[in-house]
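Please construct the entire structure, taking both the sequences and the accompanying hints into account.
As you go down the protein sequences, you meet chains D, F and H in turn.
Numbering (the numbering used here) for the first sequence: 1 to 211.
Numbering (the numbering used here) for the second sequence: 1001 to 1211.
Numbering (the numbering used here) for the third sequence: 2001 to 2211.
Keep in mind the hints are simulated off the structure, nothing from the lab.
Keep in mind that this is a model prediction, so the values were computed, not measured.
Treat each hint with caution, since some may be false.
What the hints assert, rightly or not - What the simulated footprint calls covered on chain D by chain H, stretch by stretch (three residues with Cβ under 8 Å from a Cβ of chain H suffice, anywhere in the stretch; the number is not a length):
1. 99–109
2. 149–160
Stated by the list, open to error - Listed next, the stretches of chain F that the computed footprint assigns to chain H, with coverage defined by at least 3 CB atoms under 8 Å from CB atoms of chain H:
3. 1061–1070
4. 1092–1103
5. 1176–1185
Ideal placement from N, C-alpha and C gives every residue a C-beta, glycine not left out.
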Amino acid sequence: MRLTPRDTRFFDLLTGAAGNLVTGAGLLAELISVPQAERPRVAQLMHDTEHLGDDATQEIMMQLNTSFITPFDRQDIQALAAGIDDVLDDMDEAADLAVLYRIEDFPDGVATLVELLARAAALTAEAMPGLRKVADLRAYWEEINELEDQADGVYRRLLAVLFNGEGEDGRNVRDPLTVMKTKEVVDRLESAADSFEHVADVIQTIAVKES
Amino acid sequence: MRLTPRDTRFFDLLTGAAGNLVTGAGLLAELISVPQAERPRVAQLMHDTEHLGDDATQEIMMQLNTSFITPFDRQDIQALAAGIDDVLDDMDEAADLAVLYRIEDFPDGVATLVELLARAAALTAEAMPGLRKVADLRAYWEEINELEDQADGVYRRLLAVLFNGEGEDGRNVRDPLTVMKTKEVVDRLESAADSFEHVADVIQTIAVKES
Amino acid sequence: MRLTPRDTRFFDLLTGAAGNLVTGAGLLAELISVPQAERPRVAQLMHDTEHLGDDATQEIMMQLNTSFITPFDRQDIQALAAGIDDVLDDMDEAADLAVLYRIEDFPDGVATLVELLARAAALTAEAMPGLRKVADLRAYWEEINELEDQADGVYRRLLAVLFNGEGEDGRNVRDPLTVMKTKEVVDRLESAADSFEHVADVIQTIAVKES
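What follows is the structure, encoded as structure tokens:
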């Protein structure tokens, strides 16, 4: 049984959508390394990427509306598109809040979190063409789960340092409002890691159904 | 093929449930405009509305249990009822926390958020009878997505002002605990906007399946 | 029609997974009652339990992959396993953060929240073998919904006391960062109550489908 062109269109669209996640993760890495004055420019590029993501999602939905046959259950394709969209929303929100809150310094763990997201983005983008043979993607979803676990550990230790401070007298030396703002940005990064895992979960679900 | 009375019962029940959202949005508008001393009374009315919502959800579940044929997949009807319930829970929680935390002043953006919720409630209530011809509801789900996008922008700018303060020396003049409490209330309003979008997403899913 | 051994395997696996929730709730009760110095040991036991939970979830997924026939829709079994996993994740995160943040005193309502979670864990563990006759589980999901409602009320009052403080002059006497950290832990307990409700919702969904 051969796939028709219409079927393979979904793989192309999902691959394109996941490509935006690689761009987004790269922009996050840039955002946290450039001087504060340049961050609004990076956040704007992120926002443009997020709009491309919205367009990609809409195109997948349109394709679903006009396709008689789909390679997987319609709901699963929709859940994949929505999951990829969620990751990009989280990245965009993190960049936007970092600028709006005028965050000056990012805590150490943030760079590690962003590296984990970049790895997850690369894995996800590579997995999409592999949807043609979904059972072979076990290594992908297992590594995404592992990355999410690592991100969660980094996140919790980062919060502990942020909240507990490092003053010599053991009392927190940080301004509470700065702590709150920083936490808001970091929360979005952790949420992006979760959203990557949701995408992987949907793919595992598809594999279970096909098995 | 004609719809039986039993089928149309679901549209009536969902229309009734969505009507509570219009009431809830109206009570939110009242809550933020009356003096603080009157807010417990408004929050109590909201709580009564939330109970009506619970009853409506239960009635839909009972109807599902006793119906042999349903106009859509059972899970989608259940998801619609749950989504409407989530919106009302968010509204009730916002009102309850505003009273419990004794919030004195609401930041400017809150009135705009509440207006966007009122618009979303009206649209959702109008959409329910239209479920009979779900493909015609495209304008509804597109506008709800647009409203959620606007609410998200208002929410982020509101947080930036709340966290960054407006003191002449550029330092935040606000009490951190007051900032935290206010953010808790505003978060529930933003969550209500998200929940409205979830309802619209379910309806879009139904339309995709029927297409 | 008799169930084959392969079918009943799912009930056994889910019963085993839910048993970890009873262990987890017991460890939470221990965590909040022992002196601070002993908490890392209890949090480590919780972490071990969470790993057992991960193994249980993986075993259910493997069983799904190798089973030709399943007693319910595959997605519902997967959702049950994921829901049980979420509860344990919340419990583990609460214990971990309590230690990482070096929380000294837990507010009064925390003990009540933990008791409600223990009750929900016992009910959930008892319900799993009953999945063989899912329509009879109505009392279970109704009580879980009632418990979640109670937990929500306790949670909100607890936050009000935490945020509003109890100083004689009516101003909050608490350190804002301590308030934030305590809220983070309490949020995870409230989230565990929500996750219990999600498990009950899936079971109600299964019952609706079978009715």
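Structure-based check of all given hints:
1. 99–109: With 0 residues close enough to chain H, the hint is violated.
2. 149–160: holds (count 4)
3. 1061–1070: holds (count 4)
4. 1092–1103: Since three or more residues must qualify, the claim that chain H covers the stretch 1092–1103 of chain F holds, with 6 doing so at under 8 Å.
5. 1176–1185: holds (count 5)
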